[in-house]
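Enquirer: Quick note, the sequence shown lines up with residues 1347 to 1637 if you use the working numbering.
Wrong hints could be hidden among the right ones.
To be verified - If you anchor each label on the Cβ, the simulated ranges turn out as follows:
{"id": "1", "residue 1": "His1589", "residue 2": "Thr1431", "range": "22 to 28 Å"}
{"id": "2", "residue 1": "Leu1422", "residue 2": "Ala1484", "range": "21 to 27 Å"}
{"id": "3", "residue 1": "Asp1459", "residue 2": "Phe1427", "range": "54 to 60 Å"}
{"id": "4", "residue 1": "Glu1404", "residue 2": "Ser1429", "range": "55 to 61 Å"}
{"id": "5", "residue 1": "Pro1372", "residue 2": "Asn1499", "range": "17 to 23 Å"}
{"id": "6", "residue 1": "Leu1421", "residue 2": "Asp1467", "range": "55 to 61 Å"}
{"id": "7", "residue 1": "Ser1419", "residue 2": "Val1352", "range": "53 to 59 Å"}
{"id": "8", "residue 1": "Glu1351", "residue 2": "Lys1601", "range": "19 to 25 Å"}
{"id": "9", "residue 1": "Glu1351", "residue 2": "Thr1627", "range": "56 to 62 Å"}
{"id": "10", "residue 1": "Leu1422", "residue 2": "Asp1531", "range": "51 to 57 Å"}
To be verified - Under the rule of at most 25 Å between Cα atoms (straight-line distance), these lysine to any residue pairs were calculated in the SDA-like manner:
{"id": "11", "residue 1": "Lys1598", "residue 2": "Thr1359"}
{"id": "12", "residue 1": "Lys1489", "residue 2": "Asp1468"}
{"id": "13", "residue 1": "Lys1615", "residue 2": "Asp1556"}
{"id": "14", "residue 1": "Lys1575", "residue 2": "Ile1374"}
{"id": "15", "residue 1": "Lys1546", "residue 2": "Asp1468"}
{"id": "16", "residue 1": "Lys1601", "residue 2": "Trp1440"}
{"id": "17", "residue 1": "Lys1529", "residue 2": "Lys1575"}
{"id": "18", "residue 1": "Lys1528", "residue 2": "Lys1587"}
{"id": "19", "residue 1": "Lys1598", "residue 2": "Glu1437"}
{"id": "20", "residue 1": "Lys1546", "residue 2": "Glu1437"}
{"id": "21", "residue 1": "Lys1489", "residue 2": "Met1432"}
{"id": "22", "residue 1": "Lys1576", "residue 2": "Glu1522"}
{"id": "23", "residue 1": "Lys1506", "residue 2": "Lys1407"}
{"id": "24", "residue 1": "Lys1615", "residue 2": "Lys1587"}
{"id": "25", "residue 1": "Lys1616", "residue 2": "Gly1582"}
{"id": "26", "residue 1": "Lys1407", "residue 2": "Phe1428"}
{"id": "27", "residue 1": "Lys1587", "residue 2": "Gln1620"}
{"id": "28", "residue 1": "Lys1506", "residue 2": "Leu1373"}
{"id": "29", "residue 1": "Lys1524", "residue 2": "Thr1396"}
{"id": "30", "residue 1": "Lys1587", "residue 2": "Ser1612"}
In short, the hints are calculated from the structure, not lab data.
Backbone N, C-alpha and C define an ideal beta-carbon position, used for all residues, glycine too.
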Amino acid sequence: PKKVEVIILIFLTGFIGIIHPLITKPLIKTSFGFYRFSIILNLSRVLLITFGFVLIYEIIKNKKARQIFIFASVLLVMFHFFSYTMPTYRENKWTKVGQEMNAGIGSMFAMADWIEKNIQDDGVFISPHGETAFALNALTGKKVMHMRITHANPFVDSNKRIAEAAVILYGNNSEEIKRLLKKYDVKYLYEDQYSFQSQKQCLENWALFDTEEFGDMSYNCLRTTPEYKKYLQANGIQVKKVHARLDVASNKAPKFDLIAIKPGKSLLKKKVLQRALIQNTTIISVSEISI
1347 PKKVEVIILI
1357 FLTGFIGIIH
1367 PLITKPLIKT
1377 SFGFYRFSII
1387 LNLSRVLLIT
1397 FGFVLIYEII
1407 KNKKARQIFI
1417 FASVLLVMFH
1427 FFSYTMPTYR
1437 ENKWTKVGQE
1447 MNAGIGSMFA
1457 MADWIEKNIQ
1467 DDGVFISPHG
1477 ETAFALNALT
1487 GKKVMHMRIT
1497 HANPFVDSNK
1507 RIAEAAVILY
1517 GNNSEEIKRL
1527 LKKYDVKYLY
1537 EDQYSFQSQK
1547 QCLENWALFD
1557 TEEFGDMSYN
1567 CLRTTPEYKK
1577 YLQANGIQVK
1587 KVHARLDVAS
1597 NKAPKFDLIA
1607 IKPGKSLLKK
1617 KVLQRALIQN
1627 TTIISVSEIS
1637 I
């Protein structure tokens, strides 16, 4: 019975995880990646199969028959692992990307080593895109003001941080920028090829965001919730309403009403500390910033 209770508990955890926005949205105005909670049902399936094997084993009384059953079960699991699980893993696009090593990726690792050796304080980094900040945090462990929202701490108001990060990067109010730099202890700007391209593509596709079907292309821009529209506009930043997925990596991810933030001129003073170059073109830059 206890084994059954554990399986039921895990199943219910996944189910509650999927429907929890019905409870948390009205109460605390947020949800916790509910569309991914179904992954826990995969664990439930494994546990159910394991429970089935154990049940069959206990039913079998003959010692030799039990040994044959164990051997057959191990063969079955190994067959499934090598015929399905491993090939699926190898063919996964993210596995392939993770196994690549080129000049760009090598430069990222080299810059991460440089940051760890040369930036010893607890100053916070800011980046023009959440993906860039997420990569920096993963490679160095350094604090970042904001990151890819689907991987951010659910107990941090990421939408507010993104809006305020946009004001630091593109705002025209020097006093507000100074206040935010002090509030978050932001000292460094980290830019890479992805963030450079994202800002460029955000500007190039800006007019397309008026059409709902192009909403997901706004992923190249910083995006936050509509409640920060007036705050951003008051600080000289253009925004545009979009209906888009937060997680563009999943076709099943739900869409939300968001506002895309248009990159603009920065008031920040930048002192470049280190660059990574490929063919005399900057692909990564670390700068000390002030206002």
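Enquirer: Indicate, hint by hint, whether the structure satisfies it.
Expert: Outcome of the hint check:
1. The supplied range of 22 to 28 Å is broken by histidine 1589 and threonine 1431, whose beta-carbon atoms lie about 37 Å from each other.
2. Checked against the hint of 21 to 27 Å, the pair leucine 1422 and alanine 1484 fails, with Cβ atoms roughly 37 Å apart.
3. Look at aspartate 1459 against phenylalanine 1427: about 36 Å separates their beta carbons, and that is not inside 54 to 60 Å.
4. Under the hint 55 to 61 Å, the C-beta atoms of glutamate 1404 and serine 1429, about 28 Å apart, miss the expected range.
5. Checking the proposed 17 to 23 Å range against proline 1372 and asparagine 1499 shows it holds: the Cβ atoms sit about 22 Å from each other.
6. Hint check: leucine 1421 to aspartate 1467, Cβ distance near 56 Å, so the stated range 55 to 61 Å holds.
7. For serine 1419 and valine 1352, the Cβ-Cβ distance of about 20 Å falls outside the hinted range of 53 to 59 Å, so the restraint is violated.
8. A C-beta distance of roughly 37 Å is found between glutamate 1351 and lysine 1601, which places it outside the suggested range of 19 to 25 Å.
9. Taken as a hint, the range 56 to 62 Å holds for the pair glutamate 1351 and threonine 1627, whose Cβ atoms sit roughly 60 Å apart.
10. Taken as a hint, the range 51 to 57 Å holds for the pair leucine 1422 and aspartate 1531, whose Cβ atoms sit roughly 55 Å apart.
11. For the suggested pair lysine 1598 and threonine 1359, the alpha carbons sit about 20 Å apart, so the restraint of at most 25 Å is met.
12. Note on lysine 1489 and aspartate 1468: the hinted pairing holds, with a Cα-Cα distance of about 7 Å set against a maximum of 25 Å.
13. Note on lysine 1615 and aspartate 1556: the hinted pairing is violated, with a Cα-Cα distance of about 33 Å set against a maximum of 25 Å.
14. Between lysine 1575 and isoleucine 1374 the CA atoms are separated by roughly 21 Å; this keeps the pair inside 25 Å, and the hint holds.
15. Restraint check for lysine 1546 and aspartate 1468: not satisfied, since their Cα atoms lie roughly 30 Å apart, outside the 25 Å limit.
16. Using a Cα cut-off of 25 Å, the hinted pair lysine 1601 and tryptophan 1440 holds, with the two alpha carbons roughly 23 Å apart.
17. Using a Cα cut-off of 25 Å, the hinted pair lysine 1529 and lysine 1575 holds, with the two alpha carbons roughly 21 Å apart.
18. Pair hint lysine 1528 plus lysine 1587 does not hold up; C-alpha atoms about 30 Å apart against a cutoff of 25 Å.
19. Restraint check: the Cα-Cα separation between lysine 1598 and glutamate 1437 comes to about 20 Å, which is no more than 25 Å; the hinted pair holds.
20. For a cut-off of 25 Å, the pair hint linking lysine 1546 to glutamate 1437 is broken: about 31 Å separates their Cα positions.
21. Only pairs whose Cα atoms come within 25 Å are accepted, and lysine 1489 paired with methionine 1432 is rejected, the gap being roughly 35 Å.
22. The straight-line distance between the Cα atoms of lysine 1576 and glutamate 1522 is roughly 14 Å, inside the 25 Å bound, and the hint therefore holds.
23. Our distance criterion of 25 Å between C-alpha atoms is broken by lysine 1506 and lysine 1407, whose separation comes to about 63 Å.
24. For the suggested pair lysine 1615 and lysine 1587, the alpha carbons sit about 30 Å apart, so the restraint of at most 25 Å is broken.
25. Only pairs whose Cα atoms come within 25 Å are accepted, and lysine 1616 paired with glycine 1582 is accepted, the gap being roughly 20 Å.
26. At roughly 31 Å between alpha-carbon atoms, lysine 1407 and phenylalanine 1428 are farther apart than 25 Å, so this suggested pair is violated.
27. Proximity of lysine 1587 to glutamine 1620 is assessed by CA-CA distance (about 36 Å); at most 25 Å being required, the pair is judged violated.
28. Of the pairs offered as hints, the one joining lysine 1506 and leucine 1373 holds, with about 18 Å between alpha carbons and a cut-off of 25 Å not exceeded.
29. Distance hint between lysine 1524 and threonine 1396 is unfulfilled; the C-alpha atoms sit about 58 Å from each other, more than 25 Å.
30. Restraint check: the Cα-Cα separation between lysine 1587 and serine 1612 comes to about 22 Å, which is no more than 25 Å; the hinted pair holds.
In the structure shown, a violation is registered for the earlier hints numbered 1, 2, 3, 4, 7, 8, 13, 15, 18, 20, 21, 23, 24, 26, 27, 29, in ascending order.
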